[in-house]
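Given chain A, work out where chain B should sit, using these hints.
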Amino acid sequence: MNADLLKLTQWLSPAFPVGGFAYSHGLEQAIDAGHLRDADSLRSWLLALLRLGAGRVDAALIGQAMAGRDEAELSDLARALAASRERLEETCAQGAAFARTVSALLPHPVAEAPLPVAVGCAARQLSLPAAQVAALYLHAFTANLVSAGVRFIPLGQTEGQQVLAALHGEIDAVAQDAVTRDPLSFGSAVPGADMAAMWHETMDVRLFKS
Amino acid sequence: MLDSSQIRMQRAAGRAEVAIAARGGRNALCRLHQSGSAKAFLPKVHTPVPEVVFLNTSGGVTGGDRIGYRLEVGAGAQVIATTQTAERAYQSSADVGEVTVELSVGEGGVLEWLPQETILFDHSAMTRRTTVDLAAGARFLMVETVVLGRAAMGEVIEDLAFFDLRQIRREGRPVLVEPLQIDAAALGLRDHPAVFGGAVAMSTLAYVAEEAEDVLARIGSLPESDEVAIAASAWEGRCVLRFLAGDAWPLRRALADVLNRIRGRALPRVWQM
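Listed in order, the protein sequences are those of chains A and B. The working numbering numbers the first residue of the first sequence as 1 and each following residue consecutively. The working numbering numbers the first residue of the second sequence as 1 and each following residue consecutively.
Treat the hints as calculated values from the structure; they're not laboratory data. One or more hints might be untrue.
[To be verified] Over 10 Å on every C-beta distance to chain B, these chain A residues come out as not near it, computed from the model: (1) A33; (2) E71; (3) R85; (4) E86; (5) I153; (6) Q161; (7) A193.
[Said to hold, decoys possible] Computed Cβ-Cβ distance ranges for the label pairs, DEER-style: (8) A:L106 - B:R265: 54 to 60 Å; (9) B:R265 - A:A67: 36 to 42 Å; (10) A:G169 - B:L42: 38 to 44 Å; (11) B:R173 - A:D4: 32 to 38 Å; (12) B:A266 - A:P109: 53 to 59 Å; (13) B:R253 - A:E89: 30 to 36 Å.
For glycine and all other residues, C-beta sits at the position ideal for the given N, C-alpha and C.
Extracted from the complex, chain A is given alone in its bound form (with noise of 0.2 Å):
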C-alpha cells in the first residue's frame, strides 16, 4: 500500500514532466480581471472550481476510470466537457505527457487521454482506493492553481500554502463525494469561471497557456 502510495505521490508530484505550471485554468485572465487580488479571493476561486467546476466531475472521470470502463469512451467524454479552447489543450497536452511518462514506470502502457482518464487509468495499476486518488489529484490541481496566484497576484509562499490547507476539507469532500458518480449525473456552475478562460484566450500579454 504506501509503495503504492509512493507511485501516485511521484505521478502528481509538480515534479512529474506533464507541464502543469504552465497551464492556469484561466485564472490568469482573473487575476488580470481584479478578480483575485489576496489570499481569500484565491481560497474561495479554488473552492468554486472545486465543489462546482472541475474538481467534481474530474473525480468522477477519475472514479469511472478506476472502475474499468471503456478509456476511449471516457476520454471523449471528457474532451466534450471542456469549456473552452485552451481548457482542452490543457486537460489533453497534460494527459498525454502524463500518460507517456507513466507508460515508462507500469508493467502495462496507459494510453493518451485528458489527465483525469489518464491518471485514473494508471491507477487502475495501483491498489489504492478511488476516493484517494481522486483527492490527490484534485490536491495537485490546487496546489498548481496556489501556486500560479503566489506568482501571479502576487501572494507570500506562506500566505499560498495557508490557501492550500484550508482546501484540504473541500478536497476531500469533494473527492468522496464525487468520485464513485457517474460524471453525467450532477454539472457545472461556474459559468465566470469558464469565461475567464475563454477570455485568456485574447489577453494582450500571456504568461500560462490556459
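For chain B alone, coordinates are given in the frame of chain A:
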C-alpha cells in the same frame, strides 16, 4: 379514494414529435405526433426553411411533470425550431419535473434550436436532458438561456434544484457536453465571480459544424456592455459563447444581435423584439 397514482395523474404529461425530411428540394413535414400538454406546430413562413414551434400548454413545469419534445431533421433538410413561450419551472413540493428534448440531424442537415429562456422560480425542481445526435456533415446551432427568478418582480431565489444536461454527439460520439446544475451549493456562491458573479440570466450559444471556427470572425467584436458579459471560444468544429447578465432583457438583445450576425437572416417571430 385518493391514492398517489391519482395525484400523479394530475401532473402534466406530454410528448410532441416532429420529423422533417428533404423531399424534392423541399423541407417536408413527414410526421407530427402530439399527446397531453406538449404541442408542436409549424407557423406559415415565407422562407424555404420551416419553423417548428414547441409548446407546453400546461404553462410550466412542476414536480412530477414529464414533458418530451422530439425533432428529427432528415438528411439534407433544414429546420429552425423554437418554443412558443419561456419555459417556467414552478415551485415543487416534492418530485422533480422532467423535460426531455431529443434532436437529431441527418447527413448534411441543418438545425437551429433556439428555444426561449427557461425561468426558474423559487423552490422549483426540474431536470432537463437535451440530447442532440448529428450525422456526418450536419450543422447544429443552439441557444439555451436560464433566468433565476422573475427579476422584474424582485424575486430572490432562496433554493431550487435545476439540472440541465446538454449533450451533442456526432456519429454517436460526444462532441460538446454542458451539464449545468443550479442548486443550494451553487446558489450559496452565486455572487462569486467564478460562479454567476451576481448575474441572474445566463446563456450558452453553441455552434457545431465543420466550419464552426470561422464563426468567430463572422461575429466580430462581441456586443459586450456593462449589463452583459460575453466570452467566446472556438475549437475543433465547435464554437461556444457564454453570456452572463443582471437582467434577462439586455441579454436577449445581445443574443439576438449575435444570432443575427451568425445567421444573417431573420429570427423566428417569437424572438423578434
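Tested hints:
no.	hint	result
1	A33	violated, 8 Å
2	E71	holds, 14 Å
3	R85	violated, 4 Å
4	E86	violated, 8 Å
5	I153	holds, 14 Å
6	Q161	holds, 21 Å
7	A193	violated, 4 Å
8	A:L106 - B:R265: 54 to 60 Å	holds, 55 Å
9	B:R265 - A:A67: 36 to 42 Å	violated, 48 Å
10	A:G169 - B:L42: 38 to 44 Å	violated, 55 Å
11	B:R173 - A:D4: 32 to 38 Å	holds, 33 Å
12	B:A266 - A:P109: 53 to 59 Å	holds, 55 Å
13	B:R253 - A:E89: 30 to 36 Å	holds, 33 Å
In the structure shown, a violation is registered for the earlier hints numbered 1, 3, 4, 7, 9, 10, in ascending order.
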